[in-house]
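Residue numbers (the numbering used here), protein chains in the order written: chain A, -13 to 534; chain B, 64 to 140.
It is worth saying that the hints were derived from the structure and are not from the lab.
Ideal Cβ positions, reconstructed from N, Cα and C, are used throughout, including at glycine.
It cannot be assumed that every hint is accurate.
Claimed, not checked - Some chain B residues judged to face chain A by a derived CB distance under 7 angstroms, without partners named:
(1) R80
(2) I81
(3) E105
(4) A108
(5) V116
(6) I123
(7) L126
Said to hold, decoys possible - Beta-carbon label-pair distances, calculated as ranges:
(8) B:S117 / A:K76: 43 to 49 angstroms
(9) B:A88 / A:P80: 37 to 43 angstroms
(10) B:D67 / A:D202: 51 to 57 angstroms
(11) B:Y86 / A:T490: 32 to 38 angstroms
(12) A:A106 / B:D67: 42 to 48 angstroms
(13) B:D67 / A:A295: 32 to 38 angstroms
(14) B:N83 / A:A42: 45 to 51 angstroms
(15) B:N83 / A:R497: 49 to 55 angstroms
(16) B:S117 / A:E104: 49 to 55 angstroms
(17) B:G115 / A:G58: 34 to 40 angstroms
(18) B:G115 / A:E118: 41 to 47 angstroms
(19) A:R94 / B:D67: 31 to 37 angstroms
(20) A:R137 / B:S117: 20 to 26 angstroms
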Amino acid sequence: MSSRELIVLGDTTLGGFARELEAQARAAGLDWSVRDAGFDSWERELFEPASATRTAEAGALGFVLSPRILEGVGAETMPGRLHAMLEVLKTLSPPRTVLCGNLFADPRVVLPLTSTGEGAHRAGALNDILAEFSAKHPWLYVLDHASLALRAGVAALNEPRYEALGALYFSPGGTRLLATLWYRALRALTKTPAKVLVVDLDNVLWKGIVGEDGADGLQMGASGAGWFYRRFQLALRELRRSGVLLAVCSKNNPAEAQAVLCEHPDCLLRPTDFAALEIGWEPKSQGLRRLAARLGLGLDSFVFIDDSAFEREEVRSALPEVAVLEFPQDPSGLVPMLEASTAFDRLRITKEDTLRAASYAAEAEREGLRGSAASPEEFYRSLQLTATLQRARPADFERLHQLIHKTNQFNLTSERLSAEAFRERLGAAHFEIYGMRVADRFGDSGLVGLALVDRGAGTHWRVENFLLSCRVIGRTVEHAFVAWLAERARAAGAQSLTFAFVATARNQVAREFLDRSGLTPSADGSGWGVELADLSGLASHYVRVMAE
Amino acid sequence: MIVDEERLRRAVVAALRIGNERYRADLKLGDLDEWDSLGHLELVAEIESAFGVSFDLEEIPKLDSLEAIRARLRALP
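Taking the hints into account, I'd like the entire structure generated from these sequences.
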């Protein structure tokens, strides 16, 4: 990936922050350069059309506002100034990705017993504005400076001597902490999060060993040695809610381990919380391979946690693509191990993320039905499939962009559009971008398909990319999508429709679809298409299509 | 205080984010692009935490060379 630039703006000196952030990003192998727009630059640079920030090549913008803007005479004007800033950001061309730290008040007040809490109220009001804007405009991400201040303490972020000398709110030490939060945000903008967290059981989910201590000897209760394990289980539940699939890989007697997961009164995680379980006596690398096959996901999206150094080493050497976390010496380090890992970092949790775990459970039921159905046709019919097709809306931006970046198998070109390029297409008059939602009797899979259509001159529609999340492959909805697009193109007066296709190492599934699609390869080899005069080869008979 | 030269070198290299090859025992403010007025604050902060000391506001600007920093550290108990 080519180098990307972040310009940071704020009300104080951010030169040290820019240097530190760039150094941390580079040390982690991220190709980001970070530039400071100058002292107290955030409004000047934004409102001046000819400023270096406004005229820079497309890049991301970062805002770091200090607690000082909540103090003194100008403080009351801040909500209006923040609104004005957000309005300008909406108009920037080319569009930018924006990261904005939220606000916290400096709590070191003169009269601790009678503090009015005015600063905290002001910070809260600004943070509400930011949160509301970010919910509507997915290209703006809010970074939680307020939580950082609570975690680290304001005294660790600000050092009055340095503020006096350098007009910098964040001291050199505080800058390091702040830059680590921002580095993780840049990483999340650049890399897709891991999809699966595989955990061992004994001395990971609970203290003790099932085979030696028995179910009654295991500790995971609300007090004593089990407490850290309980907190760890709660943290895993939170990861699951954020879209991470949980799985188990454990060397145990399957019946005994299952009994603990099903019945132990203190165990918070139950078998249904896991997308898959591998419990037995095989090498862990074998178990992980099996899990990957069952879930249909690449091992490079797996993270593995095990208390045994031997098992970690076995997995590391057999499956170098799996991320193996360093296990803490003491159980108090269990939750911090997760917090410190960047593997699951995402800047926003989409609806599809929250549905993911349930959708994998539904998939298992679907596979059961497939196995018992007399024929594929009967299986498709019994699913009661519906596909809802609609023009992409701003609220869908995050999910659709996620699909562009995460979909490998059913992705006709694998072109990874940047967020900025995707937004440009969303706004371009000759582009039509369609999303597909799929549901069946087992549940709603959410927004799982995308077509990027360039209407071009009008008589010839070209689908720049067409892709489908792997979780709905094999239900014929892709055929329904193609047939619907062809109908729409014909209704708009087009004569032909072509789908761009670029073979990659991983999109064999997409190629197999084309072979069965009723489309034919174009003469120049750049794609597959259909003359719209005859659409008889395209229909799908098993899907009820609804268009909004 | 006896100044541990190795600790001093590590602090300078870390604060200014420079490679070891650019370190010299007689560096002063302005010798390197990294040691500008902002880098100066980062360097002094790193020295403070490396040696467990805290300098007064007025003396921070005067610690503008490694020699001055050594002299100030030596004067500490």
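Query raised in the report: Which of the listed hints are broken here?
Result: 2, 5, 7, 9, 11, 14 and 16
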